[in-house]
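Undergrad: Join the two chains into one complex using the hints; note that each chain is given alone, in its own frame.
If you read the sequences in order, they're chains A and B.
Just so we're aligned: 26 in our numbering is position 26 of the first sequence, and the numbers increase by one with no gaps anywhere.
Just so we're aligned: 1087 in our numbering is position 87 of the second sequence, and the numbers increase by one with no gaps anywhere.
None of these hints come from the bench; they were simulated from the model.
Check each hint, because a few of them may be wrong.
Claimed, not checked - Simulated crosslink set (DSS-like; lysine-lysine; CA at most 25 Å straight-line):
id : chain 1 : residue 1 : chain 2 : residue 2
1  : A       : Lys118    : A       : Lys41
2  : B       : Lys1111   : A       : Lys36
3  : B       : Lys1111   : A       : Lys118
4  : A       : Lys41     : A       : Lys60
5  : B       : Lys1111   : B       : Lys1123
6  : A       : Lys36     : A       : Lys60
7  : A       : Lys36     : A       : Lys118
8  : B       : Lys1111   : A       : Lys41
So you can see what is in the structure, the chains are spelled out below.
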Amino acid sequence: MTNIGLLEVTTPSDREIAMTRVFNAPARLVFDAWTKPELIKRWLGVRAGWTMAVCDVDLKGGGAYRFVWRGPDMTMGMRGLYREVVRPERLVSTEVFDDPWYEGEAVDTMVLVERDGKTTVTTTVRYASREVRDAVIKSGMATGVAEGYDKLAELLASIA
Amino acid sequence: MEVPQPNPDRLDATFAALAHPTRRAILARLVSGEASVTELARPFAMSQPAISKHLKVLERAGLISGGREAQRRPRRIEGEALAVATGWLERYREVWEGNFQRLDTLLEELKADEAERGRRKRKGDDE
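For reference, chain B alone in the conformation it holds in the complex (with noise of 0.2 Å):
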């Protein structure tokens, strides 16, 4: 399959947007989901305005749209964003899901290995 090239200068500016931490926590919350200004406000020390300015900074790069709904004006990621945004959570997640996926079977194993004993103990109780 062809891979598209992206625009240089639409990079450039997706770049810039993104160079800012409270833009990316924008983005990285925006992942799970829509949300209004409000709800993108709460998790940091910052007031609408501020938070709205950085909304404009991601608008004009493409990196995120308004909702339908007018009046809560709900903000939501765009496709090459998301794939931006979700690329280096990937790399943490994949990491951690193979570690993850191996602790679930060990703690299974633990749990089993603890019934087992228990079902000994009562055994010998009533013996």
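Chain A extracted, bound-state conformation (with noise of 0.2 Å):
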């Protein structure tokens, strides 16, 4: 596998959005990265202006994680627990955001396969129902077309 940096954006049934990506990295700094609160701060949702204001990780299946995010004007939150902690391969949690733009939880699961000192990263988001993630995929939609008319024509033509 040498698509280092290449995220695939897919959706494998009609209940899950899934991302894949594969990182220069073995396994074990990968999952380190995505469950140790010192090491989640430095990428997760840190944007130019934002930071992570809390950020508490209780690693073992049943244990609970909390995450917030400082902008310039506004702060969002997310909770949820783990379900599944196999360290470096798996783990699943649910996600629930404190205001909350789809109904229920989400199920994450992350599966990661390690090759020639590469890993290649799976997430799976699994909403509650077919309706639910068509909404979450209708809100992206509405602003992709929203932005992409203004990106019409240059894309028409340079796919023409």
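TA: Right, dumping it as structure tokens:
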């Protein structure tokens, strides 16, 4: 696998959205970066102007996590429970946002496969129902369409 | 640059066609390249005639077209559909791409730290 850095986003079933990405590091380091607070704070959601104000992790089956991000003029939080913790190959957790933009909780499954010092990470978010996932997609699609029309002429020209 | 206004009727047909998750999944698959009906049917628990029905809806909405190879009849996504389908995928992608680039940097650092610890340990063992 040499597709380092290539992010694939797919819809493997009618309730799921999946992402696949290859990292140029062994699985144990990738797993740690995803589960140790001091490391999570360095990359997850901390785009320009944002920091992680809360990053609590109780890394065991049934353990809870709590993340809160602080941005220029707002905060955003989420929480969940770890369901399966198998370092460094598998992590299953639930996710609920403080300000929910979809109903119910979703289940995140992360699978890490290491080969020749590189790790392929597949994360799958499984929503409560097809309707919920579609609502998530539609909200994104509406934004995509609005933004898309600005870029459409350009896009069509490049495809033609 | 002047932004072209979308035709409302065409837009209705587009959204009606996109209202079905299977059809969106078909489009998502076609974003990565042409595919035959057999290839498109594979990930779904659906018969080929059922998939063909969805393909007809997508074709009528102008979202996909058949390819040049008559026998295999590969389907291809059209520009507008590509813009819509990649629109929502893009949103996910942009957020996560940013996350993953920061993670790449962190992982390089962690690898370097590990190597450094390894060197120190070996040095300690030698002495």
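Undergrad: Does each hint hold? Answer for all of them.
TA: Okay, the hints, checked on the actual structure:
1. About 23 Å separates the Cα atoms of Lys118 of chain A and Lys41 of chain A, which keeps this hinted pair within 25 Å; it holds.
2. The suggested pairing of Lys1111 of chain B with Lys36 of chain A holds, with an alpha-carbon distance near 16 Å, which does not exceed 25 Å.
3. Restraint check for Lys1111 of chain B and Lys118 of chain A: satisfied, since their Cα atoms lie roughly 12 Å apart, inside the 25 Å limit.
4. For the hint linking Lys41 of chain A to Lys60 of chain A, the alpha-carbon distance of about 19 Å falls within 25 Å, and the restraint holds.
5. For the given pair, Lys1111 of chain B sits about 18 Å from Lys1123 of chain B by alpha-carbon distance, which is consistent with the 25 Å threshold.
6. About 12 Å separates the Cα atoms of Lys36 of chain A and Lys60 of chain A, which keeps this hinted pair within 25 Å; it holds.
7. For the proposed pair Lys36 of chain A and Lys118 of chain A, the alpha carbon gap of about 20 Å is at most 25 Å, so the pair holds.
8. Note on Lys1111 of chain B and Lys41 of chain A: the hinted pairing holds, with a Cα-Cα distance of about 18 Å set against a maximum of 25 Å.
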